[in-house]
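Produce the complete structure using the sequences and hints provided.
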Amino acid sequence: MVTSFRLIIIFFILGFISIFSIRNLNFQLNQNSAESSLEISFSTFKTTPEETEQYVTSKIENALSRIDNIKTINSFSTEDNGSIKVSFNTSTNLSQKRFDILLNLRQVFENLPSGTTFPIISQIGQGSEKQPLISYSISGISNSEINSIKTIFEKIFRNNDIPATLEVTGGSRKIIQIEYDKNRMYSRKVAISDVISSLQGLTNENYLGNVTDHGMNYFVRLASHSVGTSALEEIVLKNTPLVKLRDIATISETYEKNDYSYRINGKNTALIHIYDDQSENVLTTYSKISGILNKIKKELPEGSELRLEQDNSKHLRKLVKIAVLNGAITLLLISLVLLFKNWKYLLIVITTIIINFCLLVLIYSLFKIPIDLITLNSISFILSFLCFNLLIALGQFDKIGKRRIQQSQIIIFLIATSIYMAIEFLDYQDLHQLQSILKFSIIVIAVGTITNFLFASSLHNLLTKNSNSQENKKNLTIFTNVKIIKFRYIILFLVLSFTGIPLFTLPSKIEGNNTYNKIFGAPLFQDEIIPVSSLAFGGIWRLFYENIYVNTDFEDSQETSLNIYAEQPIGATAEQMNSSLEYLEKFLSDTEYIELYVSQVFSGQRGTIRVKFLNDIPIHYPEKLRQQLINASQNLGGVGWTFFGIGKGFSNKMTKEHPSFQLKISGYNFAKLKEIGEFLKTEISKNDRINSATLASDNQFISDNNHEYKMSVNDRQLAQLELDDKNIKSELILNNSEIMDKKMSVSISNEKIPLKITAKNQDNLTINEFLTHPIRLEDRYIKPNSLTTFLQADRVESIVRENRRYIQILNLKYVGSLETGYKYLLEETERINKDLPEGYAIDVLSDHESSKPLSTKLLIFLTATSFIYILLTIRLNSFRKAGLAFLMVYISLSANFATFYIGDFKFDEGGQASFIFIIIIGFCYLLYFWEDLGLVTKIESSRIYLRQNIKLISLSFLILSIGNLTYLFTQFNDPFWSAFSIGVLASSIAIALITTFVIPLFSVNKDSLNQ
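Quick note: the sequence shown uses the numbering used here, first residue 179, plus one each step.
Among the hints, a few may not be true.
Taking lysine-lysine and the DSS-like style, the derived pairs with C-alpha atoms no more than 25 Å apart in a straight line are [as the list claims (entries may be wrong)]:
1. K367 <-> K352
2. K1059 <-> K577
3. K617 <-> K546
4. K466 <-> K333
5. K961 <-> K580
6. K237 <-> K850
7. K580 <-> K328
8. K1012 <-> K842
9. K790 <-> K496
10. K790 <-> K802
11. K859 <-> K1012
12. K580 <-> K1059
13. K764 <-> K802
14. K859 <-> K842
Read the hints as simulated data drawn from the structure, not as lab findings.
Quick caveat, the model's predicted, so the values are computed rather than measured.
Listed below in structure tokens is the structure:
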């Protein structure tokens, strides 16, 4: 008793310490958490995609290949910029890897072409790929006022200590335009390179070297100073004779031309996107932003309107409240249920649960384990599972012994860990929520096992003493017929047939396993044996797989809105698109029941209008307005319109679209890859069921720059003039293009304004003018057409590589079922792959498949299964019982299959998670109760009476169900939790019935029947 009391005191002290650790918890409630990946982005100066890939991307990839623990390197090269995504193993320290990458980039940067910016390293999930926390629109302001919006927000955010990143879109940014006259430059013998070098000397921040002071190294920087347009005019370009910038160019402050526009209710609008900082809880950031809105409104220009456009934290706040509510309701209901059993049990369970959560807080704060939204949301289920596990352990302490209870809990922990490790090794891309909740559960089971060993058993000894002996007499009995016990294995086979034997899931082939392929891949087996056996023995699993698992989707409820998409042919301008949208805006301005309409011009080819309706709109009105707009749009020629409505008054029923597929073509030569891509497109399209086949390069963003001129230099003439082809290239670029160098900006009134250098009448430049206008090469002026030849060629939009291999994607639409299309593509790609050159391959992509080969998947599955079987054999001390335990858990899954199939429920990742947890719950029941079952109390005629702890099984099932029921009431529309709770509840009923009525049949001794 003294030892028990001391243990209880120690746990209470740990619980008290954990209170002070709560503020150190690492909450990461952002819905788009960062991956274990880093992105390296860079820009180049006037390079084609091929040049970007050859001279920059490839060199950086070579440098990165020296870094260890890299899983994949994917690159994207396009005109004037590129990016490289480096993925690491999950456990990799990204801060260390960022430092390693930086060291390698510094080494390779010296060998990159001039004009290449130093690469920026960012973590995937941050920056532009991350969704903003909150977005506001400010309508009714001019372009000049838009440029001051970000300054207003930054000032208020800084003064109120809000760690957030701001981004303003809409309007045009202020620039200083330097428009030079080529004829004046030619007469004064000044080249554009002279202008750029003079400006860079004024605007760049020059590093003069480093000095040492008291053992510390310091950089010495010559900072740029504030200038105005008048100072720029006085820049000296040439001393003899004296030539200033004003002599050859006109300098003015203006706003950069922007094809993109954004309007709300016809008013010019800016959008301010606020990105939360990973260092602070997203809910804390939102609370701070809400508190300063009035200050922001006072600083905005008069007549402007601040409107909340997007609040990604709203859903997050709602989910956090629901999670806390679910946990509170679960704890309250469990307390009420246990109160009817025994107040001592209630005290033991509730106290142990509190200690468990205190220890969890201590562990999570000490090791800085991130707490994401799925972890927080799973508290309700975890509470139920903890109480379920503890209640059974307490009820069985004196029946099967404390030692066996402890063995069972350790084995349950090892089973959960092995399942988690198997999923982690399989590396499925769409099971992040399952992995998160399973990881949390493993930690909870581990902590629960320790508290059950030490704290709960000590408290149980202090409070219950000898009361258990009296409760043993209250055990109920079940009876069955002797014949049922004799034919139990035949009955088991029939039940197993109803559940289903999944022969239909056997793969047709395994790469590298000739024995398997000869037997199971034979036409006889695949075409005749598998279909017949699937119908005969597929059971409810086959029905579930074919009707629910493969075709599952989830339909979200949405607000009532009308989306209008406008398309114009290549060559149309943004002004023309803007005029077309304005025509419909005038029509919308006089209509009722509209909250707002948002117009966006993306380019001369694409624009949209989104109409948002009021909540109390008559049901007939949205469709009526859609028809009116269709009629109005017919007055505009040359524009293609699409009108699509969602919500009230529109048909929201999801149409059954043809399944889509993607084929990935990879190889080491880009030209050869394009050739194979065209060949594959032709071969696949021969099947009449292929509705459309397009290569990714066929479906680039709409642009009128589909062609380019390729320059070939005459080497003989170049040698005669003793010139370098690099000089020709640089002078042609500088003299015949707009230049917007990121480094070239001037400071005016503490505002950094970029410089834009362009030739007068630049937009009207023809190819003939390009070729005949003289350029300066080493103090000589030479026409480009005397040295070069220009040929028109198709243009490459972008180049993609994965692990140093070029990638091309073929997008397909298949008329038929998903399985038939997938099977056809596998057969075709296998046939075509045999004839491809070495180093080239075609793969069928699937979003839901693991990246591991099939043979590796089977090896991982067999390893995990064998490990669990060994654990069960050790605990139950019998190979037969271990095998039966596997079968019983498998049979309990039939309730899951049947529930989803009969109820036609949506099967999501939550349904897959329910499979995993039913396995864990099933083994919990069997390990705790098996040795307490099958004891014959009496035999009367053909009846045999068996002892069974029905009360404890029923109570534990009720406790387990409480947590899942809360999800059905509060989060039924959530695709994960609704599927999870339905699956767990259905199979929990099955495993409870199996434990109560089936397991005793297999626990009876044959000798007992002969008495």
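Checked hints:
{"no.": "1", "hint": "K367 <-> K352", "in the structure": "violated, 31 Å"}
{"no.": "2", "hint": "K1059 <-> K577", "in the structure": "holds, 19 Å"}
{"no.": "3", "hint": "K617 <-> K546", "in the structure": "holds, 14 Å"}
{"no.": "4", "hint": "K466 <-> K333", "in the structure": "holds, 14 Å"}
{"no.": "5", "hint": "K961 <-> K580", "in the structure": "violated, 96 Å"}
{"no.": "6", "hint": "K237 <-> K850", "in the structure": "holds, 21 Å"}
{"no.": "7", "hint": "K580 <-> K328", "in the structure": "violated, 66 Å"}
{"no.": "8", "hint": "K1012 <-> K842", "in the structure": "holds, 16 Å"}
{"no.": "9", "hint": "K790 <-> K496", "in the structure": "holds, 23 Å"}
{"no.": "10", "hint": "K790 <-> K802", "in the structure": "holds, 15 Å"}
{"no.": "11", "hint": "K859 <-> K1012", "in the structure": "holds, 17 Å"}
{"no.": "12", "hint": "K580 <-> K1059", "in the structure": "holds, 21 Å"}
{"no.": "13", "hint": "K764 <-> K802", "in the structure": "holds, 17 Å"}
{"no.": "14", "hint": "K859 <-> K842", "in the structure": "holds, 12 Å"}
When the structure is compared with the earlier hints, violations turn up for hints 1, 5, 7 and for no others.
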